[in-house]
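Visitor: Below are the chains, spelled out letter by letter.
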Amino acid sequence: MEIDPFIFRLSIFILSIFIGYYVVWSVTPSLHTPLMSVTNAISSVIIVGAIIASLAGNSDTIFDTSSIFGFIAISLAAINIFGGFLVTQRMLAMYKKKKKNKE
Amino acid sequence: MISSNLSAIFYLISGVLFILALRGLSSPETSRQGNFFGILGMIIAITVTFLSVGNFSTGFFVVLIFLLIGGLIGAFIAYKIPMTAMPELVAGFHSLVGLAAVFVAVSAFLNPEAFNLGYPGDIKLASLIEMSIGAAVGAITFSGSIIAFLKLQGIMSGSPITFKGQHPLNGLILISIVILTYLLCSTQSSNIFWILLAVSFLIGFLLIIPIGGADMPVVISMLNSYSGWAAAGIGFTLENSALIITGALVGSSGAILSYIMCKGMNRSFFSVILGGFGATEQSSSSKSKEQKPVKSGNADDAAFLMKNASSVIIVPGYGMAVAQAQHALREMVDTLKKNDIKVSYAIHPVAGRMPGHMNVLLAEANVPYDEVFELEEINNDFANADVAFVIGANDVTNPVAKTDPQSPIYGMPVLDVEKCKSVLFVKRSLSPGYAGIDNDLFYKENTLMLFADAKKMTEDITKNL
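Just so you know, the sequences run in chain order A and B. Heads up, the first sequence is in the working numbering, so the first residue is 38 and it goes up one at a time. Heads up, the second sequence is in the working numbering, so the first residue is 9 and it goes up one at a time.
Reference excerpt, derived from the structure (chain A facing chain B, CB under 10 angstroms, subset only):
(1) Met-73
(2) Val-75
(3) Ile-88
(4) Ile-105
(5) Met-128
No lab work stands behind these hints: they were computed from the structure. Glycine included, each C-beta is placed from N, C-alpha and C at the ideal position.
Build out the structure end to end from the sequences listed, making use of the hints.
Guide: This is the structure:
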């Protein structure tokens, strides 16, 4: 009997949880705030769903009920993607090591 | 238009890049590169989606416009936001992920053909279940984050809102979500889908209102986790590995952070979630706090103590963020260092309103990260230090957590501040902290209370050094 593709997706999901577990435990506590903002940004990859929702419809009009939800979701996710990555970058740029030579 | 197999491979690549993005955060040196991997992963995912849909008609430009609008708003916020407002920002962002998940689910429900899920009224069962989970968790994330945002922003009071029958009501609503999902699957009725969404919004709201301000580190982490599970649910619906991988990563990341925060307070996850902490104790503590003698001093006394010290440990807390005192603090430390005084910073896991909050503020004030230590790293050093300078922290320094089994914070890991030769405690008044209990440290022989605004006091000390 053929294996349902769902099982493969479930495998990816479960294994990713384990990867997440080990990777996140290795994050240094001083970077926990950037961790939150960057996970925020990457979880907005949900934008791919929004793009499909707004473009793949088969109706003749650009704006139908389902694509409008897609368009709004694109904007929401984009706020997060740009905002999340940029604010993370801004924070990470502030983390500096002690200067060796005293002035 | 590219084949779905090829696009699946690209989605996998972007998923791997997201893993590397988190991996980079294991040290500040590699973190910037990690962020770059994250951005790259996102660009790949978006580009591949455009190519696989292959629709470059007018709709494509409309999408770009919406993308640009969102992007501009996001970039503007990212550059303007003060570092002290980071918890609010993260809560706000979580709500957007949640809402986006809801909208994608709604769109998939209304137009399942676009996602190859079947037809309206005849959606594949598995997809329908995944979709409802994604939508329900997304809705909970959205409304919960909005409440968290309002509480952090101070628009809504940070104190817990409790009422009779709260927990049975929440339990009932959660059960109804399961029943509604079942009904939705058996009837495919859109009305039930809308009710399911409404109920999920409601429960997100109800779950967060009983949780108090200082428990926000747990709440934010938890909502972080939820936003991940919502994304994963949608990922299953869309059969998209990038989303599934990311959802799982973010979900476990948030869960681990919640665990760390709970451990930092020695409280079980459930006691935080059930809320109400700090609401009842406040009244009882007000009776016992008169009479005990307190030594208070001014900036001059503090400067004198610090000038004669050889090592100083700084303990920052939420109050420092509120007073925006981090820059003034760093200036004071610079002056101390000029006098060859060794200075380090001690950060409690739950200091501030979100994980790592204090570290970011200190980094903003140009404090090198190798002078900043976590609780376990520095706790033994207090015994050898001359002065502990507590600025804006309270409960996390309370020795009661080690001595009094009756105390609500008993067992919570605390910074051993009282072991220092002398303790300088900057605080506006003697009022108890979030846990609603008196801090024994106020009345110790070697404690000098500095009653003032954190920023002003720090500046005054610098002048007197």
